[in-house]
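Each chain is listed here by its residues.
Number of protein chains: 2
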Amino acid sequence: MDIDRSFIERAITLATESVRSGGGPFGAVITRDDRLVAEAGNRVVLLKDPTAHAEVLAIRKAAKALGTHKLTGCVLYASCEPCPMCLAAIYWSGIRRVVYSSDRNDAAAAGFDDRDIYGEICMDQAERSVSFRQVHVQGAGEPFKLWNDMESKIVY
Amino acid sequence: MDIDRSFIERAITLATESVRSGGGPFGAVITRDDRLVAEAGNRVVLLKDPTAHAEVLAIRKAAKALGTHKLTGCVLYASCEPCPMCLAAIYWSGIRRVVYSSDRNDAAAAGFDDRDIYGEICMDQAERSVSFRQVHVQGAGEPFKLWNDMESKIVY
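The listed protein sequences derive, respectively, from chains U and Y. Residue numbers for the first sequence follow the working numbering, beginning at 1 and rising by one. Residue numbers for the second sequence follow the working numbering, beginning at 1 and rising by one.
Just so you know, not all the hints are guaranteed correct.
No copy labels: a pair is met if it fits in one copy or bridges any two.
Claimed, not checked - Lysine-lysine pairs mimicking DSS-like chemistry, simulated, CA-CA at most 25 Å apart:
| no. | residue 1 | residue 2 |
| --- | --- | --- |
| 1 | Lys48 | Lys64 |
| 2 | Lys48 | Lys61 |
| 3 | Lys64 | Lys145 |
| 4 | Lys153 | Lys64 |
| 5 | Lys145 | Lys61 |
| 6 | Lys70 | Lys153 |
It is worth saying that the hints were derived from the structure and are not from the lab. These numbers were taken from a predicted model, which means no experiment stands behind them.
The task is simple: from the sequences and hints, build the whole structure.
What follows is the structure in structure tokens.
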């Protein structure tokens, strides 16, 4: 039995159910040791939360279920290739393996900006469609200095 | 008066307060028409949520405050250049202007992976440190087909 295939099928089922319940066409599943830890569908419009992608919600649920901000040893299954927000969330979470089915081109064909946002993020700031201004102020380094000096900090 | 400077100073104050209360050294403020809409400090470890960056929390709060998933016309002020997760969240939210003070190199000097994750996201999948597998299954396109056929959908 291909365990990847069965969890991907579950992610696609979640994506289909998501559309039926008013969400976007995406689903995600997180496992550890081939056992389900968390699953979610896209809820951007339903929750009025632009960050409520299936993968982000599944990561947040998995972290809650496991009681830690580090999802070491977990695998993420996504009905579609994660967008840059979700991919960076995967890196921050410590997940080291991703399995997916549709890709950013399939998402683009359905009207989603994933592929364009990959392009924007990898551009120089000056070329992006969002405008950026760096303001140098005195004390800008203070939070980092305080962080570095703190012995009790938990690194993430 | 430089309004950008005053909101950036607020973001840096939030970053400092965040460290003092057990969070990471980052703060973010969202405004519309130069008025405060939402603000947040980093809460990754405190909330046990790897996605709880200051910018993501501020975006979620602003969307809740404004009652919409689209933050059109809002400006995001960040004590440090947003990481790729936060930057992609900015694109999804419709925010078109970002002001920041410290940058990804300052974050790297304090031990944060922002710069490395930018590198990873812009690499081909095969070169990344996270492993990827695409699994083609029958019915993978079903969620997108259902989405495309749905006349009542709210595009995001």
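Against the structure, the hints:
no.	hint	result
1	Lys48 x Lys64	both (21 Å within a copy, 7 Å between copies)
2	Lys48 x Lys61	both (18 Å within a copy, 10 Å between copies)
3	Lys64 x Lys145	neither (30 Å within a copy, 33 Å between copies)
4	Lys153 x Lys64	within (20 Å within a copy, 31 Å between copies)
5	Lys145 x Lys61	neither (32 Å within a copy, 28 Å between copies)
6	Lys70 x Lys153	within (15 Å within a copy, 35 Å between copies)
Going through the hint list in order, the structure does not satisfy hints 3, 5.
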